[in-house]
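Model the full assembly from the supplied sequences, consistent with the hints where possible.
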Amino acid sequence: MDISRILTPRRVNLALTATTKEQAIHELTDLLYHDGAISDRAAFIEDVWLREAEGSTGFENHIAIPHGKSAAVKQTTLAIGRTQHDIPWETLDGSQVRCIILFAVRLEDQNTTHIRLLSQVASALADDEVIAQLLVENDASNIIRLFSQYAETDLC
Amino acid sequence: MNIVCVAACTAGIAHTYIAREKLIKGAHALGHTIHVETQGTIGTETALTQQDIAAADVVILAVDVKIKGEERFQGKPIVRVKTEVVIKSPVKFLEKVADSLARA
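So the sequence lines, in the order shown, correspond to chains E and H. All residue numbers for the first sequence refer to full-length UniProt numbering, where the first residue is 1 and numbers rise by one. All residue numbers for the second sequence refer to full-length UniProt numbering, where the first residue is 1 and numbers rise by one.
Because the hints were derived from the structure by calculation, they are not lab data. None of these values were measured; they are calculated from a predicted model. Mixed in with the good hints, there may be bad ones.
Said to hold, decoys possible - Below, a sample of chain E positions facing chain H; criterion: calculated Cβ distance under 8 angstroms:
1. Glu60
2. Lys69
3. Leu125
Ideal Cβ placement from N, Cα and C applies to all residues, glycine included.
Right, dumping it as structure tokens:
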């Protein structure tokens with residue numbers, strides 16, 4: 001599967017200025033909005049917070065994976081951001097967050113391919129090598145390659 | 001140990017699939033055989049077969065929500081766990097499961 005169908009360099013920002021979870025979600029939502037994947041920023045962010053209310057999306061090793069299933073999403077996709085500051089987030093290992101992967105999922109997606117691609121991105125996060133690269137790689141297209149390689153080799 | 005597992009999280013977008021990967025990696029590291037069915041927002045994938053279930057020593061339900069088809073596991077030892085536990089420490093969790101089976 002081709003990850004570039006849902007992830008482009010325009011949806012990656014490796015120098016987020018956010019210092020809080022709220023700001024980080026806003027910055028990444030802006031990326032998706034300006035790239036035409038989201039129709040209504042406020043409505044999408046509200047749905048992201050609804051999901052947060054059900055249990056924090058802090059992962060481990062400085063990664064967080066907030067996600068929103070929302071009517072404001074026009075195209076199922078994701079945005080990747082790395083922050084210049086440590087962000088307090090409720091993570092599994094107590095680490096502060098430096099890399100945020102925001103999933104945006106359409107409410108009624110007839111096209112399961114996109115959601116399957118998102119699930120492959122999630123699967124890749126179980127790989128320590130991928131995590132290590134996510135925290136240091138400075139080229140957006142290499143970040144995308146990291147996931148596309150994984151999607152190609154993972155035949156599940 | 002032969003393990004069958006169902007993974008399912010609240011939104012069915014992310015944690016389900018991370019949990020599957022972590023369980024597969026952990027089980028292989030410990031020399032166990034594992035089949036993981038995911039029940040996510042795109043529905044059921046890599047569904048467990050009758051044979052998988054019949055051959056299983058243990059059923060792991062790594063779930064945060066109600067799943068479909070739990071009756072398939074009747075008569076099997078079932079371990080229920082939150083997805084975040086298997087995501088955080090898959091190997092430790094699987095060792096605990098093996099321990100409790102050995103003692104049973």
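Taking the hints in turn, this is what the structure says about them:
{"no.": "1", "hint": "Glu60", "in the structure": "7 angstroms, holds"}
{"no.": "2", "hint": "Lys69", "in the structure": "6 angstroms, holds"}
{"no.": "3", "hint": "Leu125", "in the structure": "5 angstroms, holds"}
No hint from the list above goes unmet by this structure.
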